[in-house]
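Each protein sequence line maps, in turn, to chains A and B.
Under the working numbering, the letters of the first sequence match residues 74 to 376, in that order.
Under the working numbering, the letters of the second sequence match residues 180 to 574, in that order.
Read the hints as simulated data drawn from the structure, not as lab findings.
Each hint should be verified, as a subset may be incorrect.
[Said to hold, decoys possible] Label-pair distances were calculated between CB atoms; the ranges are:
{"hint": "1", "chain 1": "A", "residue 1": "Glu350", "chain 2": "B", "residue 2": "Asp230", "range": "30 to 38 Å"}
{"hint": "2", "chain 1": "B", "residue 1": "Arg402", "chain 2": "A", "residue 2": "Glu237", "range": "50 to 58 Å"}
{"hint": "3", "chain 1": "B", "residue 1": "Glu567", "chain 2": "A", "residue 2": "Glu126", "range": "21 to 29 Å"}
{"hint": "4", "chain 1": "A", "residue 1": "Glu312", "chain 2": "B", "residue 2": "Gly368", "range": "42 to 50 Å"}
{"hint": "5", "chain 1": "B", "residue 1": "Asp325", "chain 2": "A", "residue 2": "Glu350", "range": "38 to 46 Å"}
{"hint": "6", "chain 1": "B", "residue 1": "Arg293", "chain 2": "A", "residue 2": "Ala316", "range": "30 to 38 Å"}
{"hint": "7", "chain 1": "B", "residue 1": "Asp230", "chain 2": "A", "residue 2": "Ala316", "range": "58 to 66 Å"}
{"hint": "8", "chain 1": "A", "residue 1": "Arg252", "chain 2": "B", "residue 2": "Glu484", "range": "49 to 57 Å"}
{"hint": "9", "chain 1": "B", "residue 1": "Ala309", "chain 2": "A", "residue 2": "Lys371", "range": "49 to 57 Å"}
{"hint": "10", "chain 1": "B", "residue 1": "Gly368", "chain 2": "A", "residue 2": "Val251", "range": "40 to 48 Å"}
These figures come from a predicted structure and were not determined experimentally.
No residue lacks a Cβ here, since even glycine has one placed at the ideal position from N, Cα and C.
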Amino acid sequence: MRLWPNLLPTLLLLAVPEATGAARTTALPPSGAVAGWSLQREPRRFTPANLYEYIDGAADLFLAYGFSELAAGEYAKAGGESGTITVDIYDMGSPLHAFGVFVSERPAGPKALAGIMQTYSSDGLSAFWKGRYYVKVSAVEAGDNSAAEALAAATGKRLPGSAELPAEFKRLPAKGRVRGTERYVRKDALGHRLLTDVISADYRVGSAVASLHLADLATPRQAQQAWQKLRAFESQAGEGLAAVNRLGSASFAVRDSSYGDLVASHQGRFLVIAASEKAGRKQVVALAKGTLAGLQAKRRQPR
Amino acid sequence: MQDQNRAELSRRDFLARAAAGAAAAAGAMSGMGLKLPAALAGKVKKQTGMDYRVLGRTGLKVSELSFGTIRTGNEAVIHRGLDLGINFLDTAECYREGNGEIDLGRALKGRRDRVFVATKWHTDGKTPAADLLKSLDESLQRLSMDHVDIIQIHGAENEAQVNSDELWAAFTTAKQAGKVRFNGLSVHGNHLAIIRAAVKSGRYDTVLPSYNAISTHVGPGVREAREAGLGVIVMKALAPAHRLRKAPAQAQGLQRRPYQLSIQWVLADRNVSTIIVDMPTFDELEEDYAALATAMTQAEKEAFEAALARNTASVCHMCGACTGQCPAGVRVADIMRFVLYHDGYDDRDRAVSLYRALSAGASAAACGDCARCQVVCPWGVCVREQLEKAHAALA
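Take these sequences, add in the hints, and give me the full structure.
Right, here's the structure in full:
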């Protein structure tokens, strides 16, 4: 896997007006933007209703993240002997959604390099997210990775928006966070249907690592419902479920067979879940408490 | 391979715990209007465990309900599924750009010897064996496994792929190296031709078609595959449930929810060994598992098929039977596809642009009175009426 340490700052600095549906196709680099490569035929457009025609079952993932529209361009060299490169611009509706689907498809292994975690390039596939767009450039057929990266860069320049971590992640504590582990799951987080819009990250707690999840359930009532359902579930699937006085009455701790020590607490429309296999319950409770305190502090800040 | 006793004990243990805790949980949650998964609420009547079927000539005994992994990757959910008796998991090298395999491998750590795993590789028919073997090695690396039980062509579309000597060479090499056990293929379309080619080649052990109560035309292919000794794994079994989602089950004369009937409809075909279903949450897993408890009655089957017929009477099944049949030269099959873009996919621009690209003689304007297209349609779709509507909407 190769990352593009020099590419992203360029993408970030270039301000482009907000794209409309038509602009998604105009963000595709014109013929010649990368020497020798020409846009073949009219770009194709796909909507949630027919995305399956283009990417088959993989469409489920994109639909789960709020996919709105795809503009697909196909590039080839003169003579057509070098195969094709495809540039797919997915409009995911919001930066958080674009970030979420990007992270979901990002290859494992070292991801963050000097703060650049928004791009990856591997085996003929280059991908990045910017603003509400997730872009995948595939040179699998052409086998020309450098051309694919150049087309990706050219596309990035033409798209509006930023590749900064979405603002929602400011709700998570900065202290102890393992850089590059931020992720967003829109539906079915931790295997629970009621856990939606969950941002997560890993944290160093002592010599161990804990995972922190913050679900934005839209209303306090929904947060309470999700917490109660999770508690009911863990009362059967987990062991030693108990209240956590330090976190208030809307909290519980349990030993979960998959996640280890797990603590859950809800506050307002948010549900905080912290878990660690090895850190110990005390550390996990402290992580949850710090997160809740941060949420309270943000509520008190004047708007 | 399968420690069924352990799975059975785990399941019983789980159900016992669920039943014990259900009353307390229900009391706590009743005021919130919350609904526990069926098994957690102690509503699962089935007490005999998951049923298993032999997967054709592989001899593998696979659970009737299996995991698809396009969205499913949560370790805890997969563990729960294994405890319920699921022992077959299907993935692919491209699911979430490889992360599907990574998540599955992580979830199966320490449990690999209790389950069967299938993944896929891509070939265009000419893909060199070396490239296929590289793809397999990368899959095994992501899965953290030394072998998969089945390797499948991902979405075979033509006979060149099915009969690829490069693919056969790659499979035999991988099998000799102990990296795979059986050879299979998945099929999204052109089912009969692809399945027959696979049977004729004699090179395949399993087939993975999309088959359900709507795509009944796949049934003969399923039967032929099974009769030839291939194991049949089915995907898209729940598609009919999506077709019926707009109205409550009871309003459609159904006693059970459409997804339950969709599962039972496919499993009623004894040529099918297992269905793979994406179940990313505990709720979906428990619901689908609960759907296995009661077999579909003949009355239920008829009511289900009638409900589907009411909802699909004007929907083209894309079987292609009307292609080239119009004596006036109208491109009937193409126009029906444009209607699907317009009505089914809400893509008016595309439908209009494609329709207007037809010559006058190929458009519905040239339609006479013969109704041949309607006669040849095996699904009873009112084709002429659809052509008239298409012309009015798209011309």
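Quick rundown of the hints versus the structure:
Our hint of 30 to 38 Å for Glu350 of chain A and Asp230 of chain B holds, since their Cβ atoms are close to 35 Å apart. Checked against the hint of 50 to 58 Å, the pair Arg402 of chain B and Glu237 of chain A passes, with Cβ atoms roughly 56 Å apart. For the pair Glu567 of chain B and Glu126 of chain A, the beta carbons lie near 26 Å from each other, so the given range of 21 to 29 Å is met. Distance hint for Glu312 of chain A and Gly368 of chain B: a CB-CB separation of about 48 Å, consistent with the stated range 42 to 50 Å.
Between Asp325 of chain B and Glu350 of chain A the Cβ separation comes to about 25 Å, which falls outside the hinted range of 38 to 46 Å. As the Cβ distance of Arg293 of chain B to Ala316 of chain A is approximately 36 Å, the hint placing it in 30 to 38 Å holds. At about 42 Å, the CB distance of Asp230 of chain B to Ala316 of chain A disagrees with the hint of 58 to 66 Å. Under the hint 49 to 57 Å, the C-beta atoms of Arg252 of chain A and Glu484 of chain B, about 55 Å apart, fit the expected range.
Distance hint for Ala309 of chain B and Lys371 of chain A: a CB-CB separation of about 55 Å, consistent with the stated range 49 to 57 Å. Separation of Gly368 of chain B from Val251 of chain A is about 44 Å and conforms to the stated range, judged on CB atoms against 40 to 48 Å.
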